[in-house]
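Novice: Each chain is listed here by its residues.
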Amino acid sequence: MHLVYPAVLSALLFCTGLYGVLARRNAILVLMSVELMLNAVNLNLVAFDVWLRDTLHTGQALTLFVIAVAAAEIGIGLAIVLMVHRNRGTSDVDRLRDTAERQEPDAPAQKAEATA
Amino acid sequence: MTTTTLAVLVPLLPFLGAVAGLLLGRTSPGFVRPLAVLPTLTAAGLAVVVAVRQGGGSGGGTAPLEAATRLTPTGSVPIDLALSVDGFAALVAVLVGVVASCVQIYSTGYLRGDARYPSYAALVSLFTSAMLLVVYSGDLMVLLVGWEIMGICSYFLVGHYWETPEARAASLKAFLVTKLGDVPFLFGLFALATDAGTFRISGILDTVASGGLDHPTLVALLLLAGVAGKSAQFPLHTWLPDAMAGPTPVSALIHAATMVAAGIYFVARLLPVFAASTAALVVLAAIAAITMVGSALAALAQDDIKRVLAYSTIGQLGYMSGALAVGDRGAAVFHLLAHGVFKALLFLGAGVIIHAAGTNSLAAMSRMSGLPKRIPDAYWTMAVALLALAAIPPFAGFFSKESVLVAAEHAAFGEAGNASGAAGWTVLIAGLLTALLTAAYATRLWLLAFRGRGAEAPDHGRQPVAMNAVLWVLAVPSIGLGLAVGYLPDWFDGHTLAPNLTTSVLGTGVVLVGGLVTYACWRHTTALAARTPIGAVIAHPDAEPAVAEVEAMEIHTRVYGSIASAPDPADPGRLLLGPLHRHAAVGFHLDAVHHRLFVRPVLAAAQLVRFLDREVVDTYVRGAGTGTRWLGAAVRRAQTGNVQTYLSALLAGSLVLAIAAVLVAAGA
Amino acid sequence: MSVAATAASATAAAGPGFLSPSGVEIAFLLVGLVTFGAALVTVTTRQLVHAALWLVVTLGGLAVEYLLLTAEFIAWVQVLIYVGSVVVLLLFGLMLTKAPIGRSPDADSGNRPVASAVAVAAAAALVWVVVDAFRTTWIDLGGPAQGSTEVSGRFLFRNWVLPFEALSVLLLAALVGAIVLSRKNGAARADGNAAGGSGKEQR
Chain Y
1 MHLVYPAVLS ALLFCTGLYG VLARRNAILV LMSVELMLNA VNLNLVAFDV WLRDTLHTGQ
61 ALTLFVIAVA AAEIGIGLAI VLMVHRNRGT SDVDRLRDTA ERQEPDAPAQ KAEATA
Chain S
1001 MTTTTLAVLV PLLPFLGAVA GLLLGRTSPG FVRPLAVLPT LTAAGLAVVV AVRQGGGSGG
1061 GTAPLEAATR LTPTGSVPID LALSVDGFAA LVAVLVGVVA SCVQIYSTGY LRGDARYPSY
1121 AALVSLFTSA MLLVVYSGDL MVLLVGWEIM GICSYFLVGH YWETPEARAA SLKAFLVTKL
1181 GDVPFLFGLF ALATDAGTFR ISGILDTVAS GGLDHPTLVA LLLLAGVAGK SAQFPLHTWL
1241 PDAMAGPTPV SALIHAATMV AAGIYFVARL LPVFAASTAA LVVLAAIAAI TMVGSALAAL
1301 AQDDIKRVLA YSTIGQLGYM SGALAVGDRG AAVFHLLAHG VFKALLFLGA GVIIHAAGTN
1361 SLAAMSRMSG LPKRIPDAYW TMAVALLALA AIPPFAGFFS KESVLVAAEH AAFGEAGNAS
1421 GAAGWTVLIA GLLTALLTAA YATRLWLLAF RGRGAEAPDH GRQPVAMNAV LWVLAVPSIG
1481 LGLAVGYLPD WFDGHTLAPN LTTSVLGTGV VLVGGLVTYA CWRHTTALAA RTPIGAVIAH
1541 PDAEPAVAEV EAMEIHTRVY GSIASAPDPA DPGRLLLGPL HRHAAVGFHL DAVHHRLFVR
1601 PVLAAAQLVR FLDREVVDTY VRGAGTGTRW LGAAVRRAQT GNVQTYLSAL LAGSLVLAIA
1661 AVLVAAGA
Chain C
2001 MSVAATAASA TAAAGPGFLS PSGVEIAFLL VGLVTFGAAL VTVTTRQLVH AALWLVVTLG
2061 GLAVEYLLLT AEFIAWVQVL IYVGSVVVLL LFGLMLTKAP IGRSPDADSG NRPVASAVAV
2121 AAAAALVWVV VDAFRTTWID LGGPAQGSTE VSGRFLFRNW VLPFEALSVL LLAALVGAIV
2181 LSRKNGAARA DGNAAGGSGK EQR
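Residue numbers (this note's numbering), protein chains in the order written: chain Y, 1 to 116; chain S, 1001 to 1668; chain C, 2001 to 2203.
Because the hints were derived from the structure by calculation, they are not lab data.
For glycine and all other residues, C-beta sits at the position ideal for the given N, C-alpha and C.
You may find that some hints are simply not true.
[Unchecked claim] Chain C is faced by these chain S residues, among others (derived, beta-carbon under 8 Å): (1) Leu1575; (2) Leu1577; (3) His1581; (4) His1583; (5) Ser1648; (6) Leu1657; (7) Ala1658; (8) Ala1660; (9) Val1662.
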């Protein structure tokens, strides 16, 4: 089998996940997209491991580890999302803007008061 | 102690006195008077000892005292702490010491209750020290240090009554005008040192003697600018009459015997440098002639007694410049000595008169009788000093002035080797004319001050003993210094200073003519005095003399509308000068010329700079701030708080970098 | 067999061209298309629960691909962990956050154009580079199975024991962390409620 097939599929899946991370609003959907990206990497690892016939099977071992880490990540991530949802009442990524200096679109009136 | 040690102590003692006075003035007022008088007095005594030990100087066979030490290497042209005491230096130092001591003693009475007396006394001491440094210094840089200290001290002392606007303006003017001359002076010093390769006066004189000076005319003219500023020669003399806003003892010290003498003394020391350039000597002669005649005319028109004396000082300095212009420094320094003594006496006497009369206006004094009875000491000593000023034969002024005229005559007839005939004639004619005018204004001063008719002079009580004693001390050399004419050549260059018959007769003749004409005019005009009552007299019987002086100066401007002249038809000067009087009273409008030539361009330039600073430079400064703020606002817009936006930017950037890396690796 | 030798032999055994695919390749391609399509639907659908279900399809497709690459152990692990637990977790998350059922018009944020631009550019770059690099590389799927459970167990417990154990610690930490994150907040809220309740009672 040509190595190109899994490699290209992996690249496409990765970019799909990338799009999801950047475009999705719900935090859980973002987490799904992250899973997609991780899986794309896994596919790559397996394909190259098979191709190289590595005696240590580094690629497959790493794939297993990545799966385990992904499971841990999804657990922690969901816990965080739940907590945020409980505290803020939303799990929309683009509404969690506490790191912005001030909420300009929401508070032009406040700004006017502040300058006045 | 060796003579060198004594000579070092002479400038050092007043300096230490000044430092101690400034430090102790506030905490222990009891020490102020001793600290002011004793160091100066000691320095005067030491200066006499140095002069006696040094003996005849170069002319008398004793070599000039030269000592130098170099503290640190200072580059291509070394600067030494050098001492150079020849006959000129020794005698001028004695004059400075004596006059400064007299002024310090006089000031203890004159400013006895002044709150700022400690700082005043310390500044006078510092001033004396600086002048002695100039006199004894054998190195031009060290001389310059003293020269500039005098400038700043004169600024402080003239502005002693800084509560009055006149004093503030006068001190600033004195400082700025002398600095105007000091800038070319500094360049001249550098040019001279570069040509000669040394700042040592002896070294420079050796260079000149061997003809090693490359730019004699340029150097001499640059130096002349500084000399004109310091010695109040045309056209930089305008600060001196205004400087009369200072206390009278300051006028006596600074503006008669020391500071203005520094310029003359400097030229006398470096006369070979000036003599190397005929053009410089001719310029000096022209300056001297204009200064002499102009200032004598102006003196005739002044109403303030101190301003009369100030213009007279300028005129006498003109004589000294004239003597230097004809290459006779012996005559110049002789006149400097004699003039220092009798002009100090005149100023100090004027202080007494102002106090006793309660006015500084001659017009007011001429309507006041009995002044001689109130202040007999001042009356007699002033008469002596005025006779000396007018150059009546047995007095000191006669001999010194005759020596100048003789030198000019020698030059005019080509008998002196190194002076041009043109300079000689200029000085001779101007000198004779000035002698006539000097006699006129001296007579006018005496008549108006002491021969007034009208109300009795107010009683200000007896003058302090310190002040009267000083007057008599100074009166002695004013009478007798002429007798030294036989010995002085030994101290100077050696050639005779004795008057000859022609100039004596000529000079005394014009003096008598001037005096008699003025007397006749006064007889004619004095009848008018009773008809036009005039006068601004104040009476402070108990206050110190300085208070009377300050108020007199203030009142003069308020009553007469001018600080210089008074609308008095009984003034003989008005009759003598005729239409010229109006111009002479304001110093021939030279202040206006200066205003137009220097002050206004400077103000305009300052305004331009201000505009440039406010509108142009500040725009850039403000623009830098505003631009940064705008940039910050723009960047802040990117700070949305949306994590996805950040991540998009991050990934897009890394993508671009990755593609770039791939392209580079692929060699595209 | 060393890595270099394997690579050399694989390169030497560059298989036939792309126009004459083998059966495994055809299967891989078809499953790959399904997987990719499902992934696209996952990230674009407006129904949140559907997205999770389409994710199941994607992950299952990937499991098939692992099988086709003879990595059977990983394939089953994939099915177990991803399809079995992760997706269930995600669904629970969706439910607990009260995600709307049915079409939600605001599933995508305003960042979509930028996201698609970045994604398309990244895909183009990656595909170009990968294709350019591995055009002729051939995977030899013959020989002894490389990913059977036996082989996996051998390399995992012979060569990778220590990382494996470290990973178990990581998983434990994640477990504890998830519990703490969920509990602490809930406890605080319960306290607040209790306090409020008591306050009301007192009033």
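Novice: Out of the numbered hints, which ones does the structure contradict?
Specialist: 1, 2, 3, 4, 6, 8
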